[in-house]
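Now for the letters of each chain:
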Amino acid sequence: MKISREDVAYIAKLAKLRFSDEELDRLTREFETILTHFHSIDRMDLENVDLDKVPVDQQSVVRSDEKTVFEDKKKLFNNAKSMRETYIQVPKIIE
Amino acid sequence: MQSDYMSAWDISKGIAEKKFSAVEIVESHIKRIKERDGEIGAFLTLCEDEALAQAREVDEKISGGRPVGRLAGVPAAIKDNMCTDGIRTTCASKMLEDFIPPYNATVVERLLDEDAVIIGKTNMDEFAMGSSTENSAFRITKNPRDITRVPGGSSGGSAAAVAADMVPVTLGSDTGGSIRQPAAFCGVVGLKPTYGLVSRYGLIAFGSSLDQIGPFSKTVLDSALMLEAIQGKDERDSTSYRGEYQKSYTDSLGKDIKGMRIAVPKEFFMDGLDDEIAASVQESIKCFEGLGAKVDEISLPAAGDGLSAYYIISSAEASSNLARYDGIRYGYRAKDYTNIDELMEMSRSEAFGTEVKRRIMLGTYALSSGYYDEYYNRAQKFRKVLKGQFEDVFRSYDLILGPTSPVLPFKIGERNSDPLQMYLADVYTIIVNLVGVPAISIPCGRSTEGLPVGLQLIGPHYGELRILQAAHAFEQEIKLEL
Amino acid sequence: MNFETVIGLEIHAELYTKSKIFCGCSTKFASKPNENTCPVCIGLPGTLPVLNEEVVRLAVKAGTALNCRINNVNKLDRKNYFYPDLPKAYQISQYDLPMCSGGHVEFECEERHVRVRINRIHIEEDAGKLIHLEEEPFSLIDYNRTGIPLIEIVSEPDIRSPLEAVTYLRILKSILEYGEISDCRMEQGSLRCDANISVRPVGQKEYGTKVELKNINSFRELQKALEKEEKRQIELYRFGEGHKIVQETRRWDSGKGRTVPMRSKGEAHDYRYFPEPDLMPVIIKESTVDEIRGSLPEMPYEKAARFVEEYRLGEGEAEILVGDKKLSEFFESTIREGASPKAAANWVLGELLRIMNEADLSSADITMKPAYLHRLISLVESGTISNTAAKEVFKEMFESGGTPEDIVEKKGLSQISSKKDLEILVKKVLEDNPKSVEDYRNGKTQAAGYLVGQVMKASQGKANPQMVRDLLMREL
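Chains as they are written, first to last, in the working numbering: chain B, 1 to 95; chain D, 96 to 577; chain V, 578 to 1053.
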């Protein structure tokens, strides 16, 4: 199982995480170990396993289309770092 | 330490019979926490005022002759990844250091409905990722049985709080062994119920298809009592079990287990298992046979291969579940950034710890295009095969028995450097989460150094009663003094 | 060289539900930002989604109305990407098992029979809204729209011109409106349209490089944006610069009237879809599909055929009427009140559409009661008011919602149909205009017209012109 540092750097971008070069090297080595270990299941025959078959007891519950209101809006947004009136305020996003 | 211990069962009975008041109980437990937790470090938040107010309410109910719940006045502590309305819930992460949920998790509501008293929030590995509680951003929790050692993880705080008699019962969460492994390390009872039996609403997600909340206690009876309180269908959790729930577990304990068929997979006794644990488990098997159970060695071929499938699935789900922590709506926000992308990236990079980042990375990798089929999809297929093998066993057996952990509690700092070594501590517990069945860890012996050994009993889906009956019979038989 | 344009549309329609897709928050327009939010839709840690059953029903309804196959086993998937308007940093959507697949819509456009195949319809949740402040270095986030249920309807690239695209969208819109699946208000964003467009030399089998157009907010803009992009691509090919057409997303700038490349959201694109572990698969029973199919209301093409048959309307008239559900309902209600189909059609297709177009209003803005239109028609037919006056009354009715009788009364518009009153007027006019009387009697028949005019003038336009003419003829 060969993984390149570039692969790991690309994954970091996807995950929105920043790493130093040393950290990237370490992660690359760790991935190799863990993913190599994973290939131990290669000897198992998984070709015919059908993941789309759904047992009856694993079907979704649904709710009826009824309105509910979360009253305490102040509490709901009390963890926001900055608000403007009832908006959440963030640094400008350029589209 | 044993002298001042009182079980949840005895506390609720005593309060209902007015032998003592809820306030007295809560005050004495707070006092004990203050005396002991400086050394142990089980708690992240102590809710003294709220707890006393709750206790007073319980006392008023009792003095007013009103009915009270089955946990009336019982002090309980909750792992800090379950949301408590108005009380800081941190997941032991710098990311959520100041996070105050505006709602209660369903389990918290259920405990309050039963008149339990929430006394505090317990330490854990950050976002429940770890097996030693060393990954907490805030403090190290020590194993009350030997303070140079880890309490296990990720629910190490909840296990240690019970082991040190600071509270009779706590809640933990178990994604790959996070209740059972610390229970084994701390010498207490820890139960992971069937996936779906206890609502996950308000449990801050790690691996959504694996996460399950369960109790810690000193006795099997207390765990049964806690399970009665917290289980049940929840409209807010789509994965909540919709069938019939066992109304009472506590009523049915004490039944003998003659004729119970127990399977012992030989794969549980292969490389890496500590000799002393192996010996202790063999003793336990003899004890079960003495109780009239029929024990057979069987084979569960996929059991040994579960570890990496588990890490692929749990990390993949975690990478998605933890993406919401971006510094926008709540949680840590980096100080320096030049634009919104940097705000998100820096906030995440600064606030998440090493292990959390490692899993997010592994999970992102496993889901990324070109790798999905090779890893995530194959891991899911493996999971299905594993489920099939468990079902086969449960067609002929009532329970599966084995060690909870392959290793004894290790020294603080000992396994930090090698993630795979740390992951191996979960080898017997993770397969249970992959299959979704219930399992308990109960103390079954001690090593020569006096360290606790845990025994794991695994049941079929919704087989909690069977597990509890067997565990109770075993507990009464061996009468282990820890 | 001649070029052929190839277009496919991706349409997002907000479903007509009371509550959001995964929580109980209202879907109604809220005056305050973040008013319709709760821990679930703002993605607070620990919260879980629970699917609104009405969303499934409406998606199945859309599928059956568009001739799709309904998939019995459905799952929901997470589409992962970071953006501040997406609270969980993933959108719950459907990836490889959409609710409906393989449908089609057929219509005639510029003498071509067009059959647009529908690849799939899936359900998903909407994201929040961002507002970028002009003068300050901030953006503001409003999560009211987060979790509003959507269906995405993806067509195959079967459309060959901007006009066909607009026609397809109009038909789709009317079907969704008829099925009460979505209120489809493009201007409010409850119906949104992205277009994929490419061009290729006629006869070439392979598609050209496609460009995705976003931010299209009306039928007019859809046509314009496609025309502009079509022109841009053909020109590039013509001048040997075809390589400059790259697969990209371009934003339609309606102000500038052109498409511009969009800055991509982050450099890395990989949505890492995987099954949503918080939701179990959704099983739709065949019996449920049948029941929904059976309960489908009359669709626009069915209604148009009925209008032609039942009310003897022209095909063109019927199509215009049914193209707008509310308008067609207004038309039929007027008939049900007792008006003749012909008169009702004349008024609705004439005055009503004219006024709506002038004021840039939609049929949703009609407050006038169908019964009033019927009564107005009766007033004209009985000769109480003139046609000209009726138009004035109609406009007033449209604006104020008043009854025709009150307006006629208030404005004094009723015709003088009383023979006695008219005779007096006619006599007076004849006396005052001996010259014209003389002319008429000498064979200058056009003098009669002048005399009618004089009577009308004397009555301030209220005289019934036919009666005036009859009386004059008798007197002369």
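These are computed hints drawn from the structure, not numbers from a lab.
Even for Gly, the Cβ is constructed at its ideal location relative to N, Cα and C.
Among the hints, erroneous ones may be present.
Just the calculated beta-carbon pair ranges, DEER-fashion [claimed, not checked]:
no.	chain 1	residue 1	chain 2	residue 2	range
1	V	SER872	D	ASP431	41 to 47 Å
2	V	ILE708	D	THR243	55 to 61 Å
3	V	VAL650	D	GLU122	54 to 60 Å
4	B	GLN58	D	GLY349	32 to 38 Å
Please name the hints from earlier in the document that this structure breaks, with their numbers sorted from lowest to highest. 1
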